[in-house]
Structures are given as structure tokens and as C-alpha cells.
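Spelled out, the chains give:
There are 4 protein chains.
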Amino acid sequence: MANLERTKCELDRGQVESFIQCLLRAKRVFALGAGRSGLVARAFAMRIMHLGLNVYVVGETITPSLQPEDVLVAVSGSGETDLVVGAASIAKRAGAKIAAVTSFPDSRLGRLADVVVVLPGRAKTETISEYVERELAGEHASLAPLGTLFEISAMVFLDGVIAALMHLLKKNEQDLLKRHANVQ
Amino acid sequence: MANLERTKCELDRGQVESFIQCLLRAKRVFALGAGRSGLVARAFAMRIMHLGLNVYVVGETITPSLQPEDVLVAVSGSGETDLVVGAASIAKRAGAKIAAVTSFPDSRLGRLADVVVVLPGRAKTETISEYVERELAGEHASLAPLGTLFEISAMVFLDGVIAALMHLLKKNEQDLLKRHANVQ
Amino acid sequence: MANLERTKCELDRGQVESFIQCLLRAKRVFALGAGRSGLVARAFAMRIMHLGLNVYVVGETITPSLQPEDVLVAVSGSGETDLVVGAASIAKRAGAKIAAVTSFPDSRLGRLADVVVVLPGRAKTETISEYVERELAGEHASLAPLGTLFEISAMVFLDGVIAALMHLLKKNEQDLLKRHANVQ
Amino acid sequence: MANLERTKCELDRGQVESFIQCLLRAKRVFALGAGRSGLVARAFAMRIMHLGLNVYVVGETITPSLQPEDVLVAVSGSGETDLVVGAASIAKRAGAKIAAVTSFPDSRLGRLADVVVVLPGRAKTETISEYVERELAGEHASLAPLGTLFEISAMVFLDGVIAALMHLLKKNEQDLLKRHANVQ
Chain V
9 MANLERTKCE
19 LDRGQVESFI
29 QCLLRAKRVF
39 ALGAGRSGLV
49 ARAFAMRIMH
59 LGLNVYVVGE
69 TITPSLQPED
79 VLVAVSGSGE
89 TDLVVGAASI
99 AKRAGAKIAA
109 VTSFPDSRLG
119 RLADVVVVLP
129 GRAKTETISE
139 YVERELAGEH
149 ASLAPLGTLF
159 EISAMVFLDG
169 VIAALMHLLK
179 KNEQDLLKRH
189 ANVQ
Chain B
9 MANLERTKCE
19 LDRGQVESFI
29 QCLLRAKRVF
39 ALGAGRSGLV
49 ARAFAMRIMH
59 LGLNVYVVGE
69 TITPSLQPED
79 VLVAVSGSGE
89 TDLVVGAASI
99 AKRAGAKIAA
109 VTSFPDSRLG
119 RLADVVVVLP
129 GRAKTETISE
139 YVERELAGEH
149 ASLAPLGTLF
159 EISAMVFLDG
169 VIAALMHLLK
179 KNEQDLLKRH
189 ANVQ
Chain L
9 MANLERTKCE
19 LDRGQVESFI
29 QCLLRAKRVF
39 ALGAGRSGLV
49 ARAFAMRIMH
59 LGLNVYVVGE
69 TITPSLQPED
79 VLVAVSGSGE
89 TDLVVGAASI
99 AKRAGAKIAA
109 VTSFPDSRLG
119 RLADVVVVLP
129 GRAKTETISE
139 YVERELAGEH
149 ASLAPLGTLF
159 EISAMVFLDG
169 VIAALMHLLK
179 KNEQDLLKRH
189 ANVQ
Chain G
9 MANLERTKCE
19 LDRGQVESFI
29 QCLLRAKRVF
39 ALGAGRSGLV
49 ARAFAMRIMH
59 LGLNVYVVGE
69 TITPSLQPED
79 VLVAVSGSGE
89 TDLVVGAASI
99 AKRAGAKIAA
109 VTSFPDSRLG
119 RLADVVVVLP
129 GRAKTETISE
139 YVERELAGEH
149 ASLAPLGTLF
159 EISAMVFLDG
169 VIAALMHLLK
179 KNEQDLLKRH
189 ANVQ
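Residue numbers (the numbering used here), protein chains in the order written: chain V, 9 to 192; chain B, 9 to 192; chain L, 9 to 192; chain G, 9 to 192.
Do not take every clue at face value.
Note: identical chains are not told apart, hence a pair may lie in one copy or across any two.
As the list claims (entries may be wrong) - Think about it this way: if two alpha-carbon atoms lie no more than 25 Å apart in a straight line, the pair counts; the simulated BS3-like pairs of lysine-lysine are:
| # | residue 1 | residue 2 |
| --- | --- | --- |
| 1 | Lys100 | Lys186 |
| 2 | Lys35 | Lys100 |
| 3 | Lys35 | Lys179 |
| 4 | Lys186 | Lys105 |
| 5 | Lys186 | Lys16 |
Hint data in this document are derived by calculation from the structure and do not stem from the laboratory.
Produce the entire structure from the sequences given, and follow the hints as far as they go.
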């Protein structure tokens, strides 16, 4: 909870507004992440669909090719996950916008991105290589192993974005419920 | 291959035409199946997306609620898989059309469906209960265990439907390639 | 954050201990949930794998049949999702233990379960039917639509369980990193 | 069907035996593929699980890190899909064996692999670049667009491998049914 409090305090309003504008301007939103960050990206995509926007998850069955009017929302704590960086590079070359959610704006993902929202992960002052070193050395506080803090912050942040979009698009919960899957 | 030959011979042209018309008339196509039949349903959904039609896979992240103008393509050899029958019942109540691909037109799925395409599975003359009994007794020819023959027939049949849709919609391979995922 | 604070205060220690014991005694853990709760269940399953326990996600490709020594961890805010209740019933009949994470201990899922951990969702005092009614009426606070509060609480709670298991099994982050997927 | 007939005729017995030995010697099997080839890889993985071998699908929730005693079964018609080649490279560096199913033994995937099974795709005589060119030019026979012929051949071939493994491991259909998911 202390980490979430920190996330709230340190969140850059300008970044958040750019992120939301990027979503609203896009023709379609594509969500991307590996591992648990990928599950957080999907939880976000599900709500984006409930809002009635066009959205896809990279790697799922019916995901079409990214086009220049699309935005790729890429979630990666380190910003260095090969799968995510590789996909973001291809999306960039295809002309799509990249909106990154990461702890490291100077990571490969961060540098590729048009918009970056920085969320504190383990320790906001450490560099990527320190982070990776510490991870390899197993020195992280055991109470929240690996990317846990980032993943929870990302889920809470992205749910906040949904709340903002509901307000901006004048949608209420009933509107969302209409699109909520009835067959699962 | 003998089984595929049999599938080709026994396929009912009227059923196939109704199936294709059902797809063309629908606002959106939803694909459904459990286990390996579910993978076949997804392989079909991917090509439907390549064709530019609106399609979703039941159970994936961004699948919205089924509406009356939609069609649910349900793939199940026995037509008795609980997951599939349950989902088809809900879809039916929601007013959607059901197009079933099964070996057993008299199964629960078959009876729910608006359109049924019958594909031979193990033995076209056996009843569902004989089929289930034989399965439990492990008496099936070991060369194609469980639903293997049905699953392969279903994949080949549904790829034939794609070919027919390409022709009817005047799409060529290049059109499909444009939508083929560029980021995976 | 107020909701997470409430979750922390109201969490029943006895329930949490039973939940953890249930996981430790099981031969294999199966994770289950629909929609966003399903994504939370998967995020939990991934960490259980990192810990070196045997774990599967219901509905994924290589998930085997549930056996009597297994435990099914079912995540559902309302405890009434058909897919989850249906699967839990089958697991129960197969002799497996059911450990439920829900806001409603008196729901169908709650009543099926051997162990229930209650997490506050929208309003801990409302009954299931009030909850469903309010949902249908779209009267929920728009800032956290549908099951959002429950899903975040469930993710945070289950990550706490992982921390407890790391301690009990004397695993550190390096142990987890060894099993972390190297190919994604 | 003509294509399946050709597959049957041209299949290299030595390759098939090496492929099967590779599976039997591995501690764990990892299945990999992108798009429809990925669905075929999963259909194979499901049966491998039914046989009682240890198997995972790359990209699914509970897939651990690849180790030197493992084998990666990579399915790719062109053998050039970035996702598959990237993952196979990492697996190779991790010391795992690579067993490729492809139409092009000289592709990047083919060259990485310890064992290759060649299945005819569009035209066995064309080179990869001709194949890609023809794809881009949309000149393929419209009856089986893109990788359809390869995917069906791969599914039938891999189901043949399952039949061979059942025979070698002395498993019958009842053994498989015991592991078949009872909760879906």
C-alpha cells in the first residue's frame, strides 16, 4: 500500500493526460505485455472493450495487423522484455503510436514510445542494470518478489484511466455492462 | 485420409450452404469450442478476421456480449460438451443464431442449433451414448484417439468454408495478408 | 486505496490460514476465474509455478483432469458466475477441494467451497441480489465500475499469499527467478 | 487431400524417427508456434499431456523456463516467423534441443534446429523468398490461402506422431481419457 501511495504521489499529470489523449485519438487500441504485465494489459483491454472502443490484445486469435492510426499500449516494468520491445519496434515501423507503462523511461521500450507513463517499481532511484543485478542476486524484499509492485501499480493506474475515460466519454456502469461478455 | 474422403462424400450441400449464408447474414461471428475443437474454432476465427468480417472467440479478452444479430459457430464432436452446450444455451436466449459443427445432429448442441453441419467422427452410425460408452471402454482404434478424426475433418471443412467465402466476397490472398497480424 | 485498507482490516486470519494450508496440502493447484477475475487467478498461478508447486489454469491447453488430491482456487466476486460455479461443481464431484476467493460466502460458489476467503467488494453489507440489482441499475460508483474493487483486492491478497508461501517454503526471489519463463 | 497425399509420400522416415526419439528423450516438451501454426502446436501439446508426458505451451500462464534437458517443438511453415525464431534462439542458448516442423529446412528456424521434419507447403520446389514473394503478390491458389496447406499437414502429421507414441508407450485411449480435462 505504501507503494501505491507513492505511485499516486509521483504520477506525472502531464504523462497521464498524454496517455489518455493518445487512447482517445487512436482508431484502435492494441494491448501488449509479457507474463503478469501481459495479464494486467488484458484486464485493461477488457474494460476498454466495455467502454465501446476498438481494442485488441497482441497474441490473441482475432488480432489484426497494426496500422498507422492505431496505438499500442505496452506494459513492462523493466521496459526491456524482448517480446515487448520486439513487438513495439514492429508497431513503430508500421506507423502506430506507442504508449508505454514502465518504471524505466530510459529503457528500450521507453525510448521507442511516443508517450511514457512512469510508475515506480522496486526503487525509483535504481537504474535498470542495478534492478536487473539485484534481481539476479535475489536481494529484493521477499514480500513482493520480482515485478509484483509494478504489476499492482499498473493495474490500479490503468483502472484509473478507465474511470477517467468513463467520465470523458460520458459512459456509466450500465453502458459497460451492456458489452460485458454474456457467454464465457 | 479415408475419413476425410468420407467427410467429402457425406457432406450435405444444403447444410453447407445454410452455414455459409448464416455467416454472411450475421453482424458478427463468435467462435466457440472446448479443448482441441476450441483450437479448430480459433483457427477458423483467425481466417474470418483475415477476410475482414467481425469475429470474436468466446473466452478471449475482448469478446463482447452476444446480440440478436450475431451468430455463434459452435464446434463439438459429441455435441454434448457442457461448456459448449451451456454457452450455446445462453447465446440462444440472447437471441443469437447458433451454427453447429458436430457429428451428432441429435445432441443437445444439435437440437439448440439453427443450422447444423454434420461431419463424420468415429462411426457415423453409432449413437451418442454408444460413442461415449466406447470412449469410456477405450475401444476406439488407437490410431486416432478421442476426437482426432472429427477435429481434423472440422479443420478441413472450415478451411473449405473460408475458400468459399473468399470467392463469394471476391477477396484474394493479398486482401487476407493485409489483415494478418504483423505483431505477434 | 480505502478499499484495500478495508480489505486489510477485515480479512479473517483463520480463513487465510485455512486457504494457505489447503494450497500446501494439495498435490496440484488449479486456478479458475472468468473475465478479469480469471486474469487475477492466472497472475496467481504464474507465481505458484515460480515457487515450484504444481499448478494449472482451467481452460489452458495442457490442463489435465482434476483428481481428489487437487485443490481448485476459484476467484469470483459475486460467487455466481455460471462458468465458475459449473466448473467448481464438477471439481467437487471429482473429489477435489475447492478454495474460493469471493465477496459473498453465501453464493453458490461459497456454499460449494471447502475454504472461503471473503474479500470486500462494492459494499460488504449488501446481499448478492442487491449487488446484482445495483449492477443492472448501473448505480455503482463510476470510479471503479463492475468488479474492479474486488479484482484489485483479490490480486493484492493473492500476492500476499505468495509472500507467505515464500516464507513458509523458505524460497527467495532467486528461486523464483530460476523458473521464470525465459522464452515468451 | 492431394496435399496430404503428397505429405504422406514425401515424409522422410529418418526425420520422423529422430523427431519421435527427441520427444521420448526429453525431460519436458515445450510447444511453440505463431498464429494458426501455434494452434496446431497446442493441439499437439494437449495430446502429449493426455499421454502423461510433461508438456508446456510457450506463452501460456504456467510455462516455466526451458532447461537443457527439454525439447522445444517449433511449428512454422516458412521457418522465418520472428516470434518463433526469436524464441528458438533463446531456447538454443539455454541448452534445450529444438525440433522444428517446417516446409523450409534452410530457413532460420531450420538451421537452428537439432531435428527438422519437412512438410510440403505450397510448393516444395520454391525457395523461401519465392514463397514470400508469391504471398505478397497474392498469387497463391485461393482455395487454401496463406499457410493453410502447411497447417493441415502439420496437424495430421503431429496426430500421427501421437499415434506412434501411444504405440511405443503402450498407452490406449482409456489412458488418455483419464487425463483429459474434466473441467473446462
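Original post:
Which numbered hints are broken by the structure, listed smallest first?
Top reply: The structure conflicts with hint 5 only, although it agrees with all the remaining ones.
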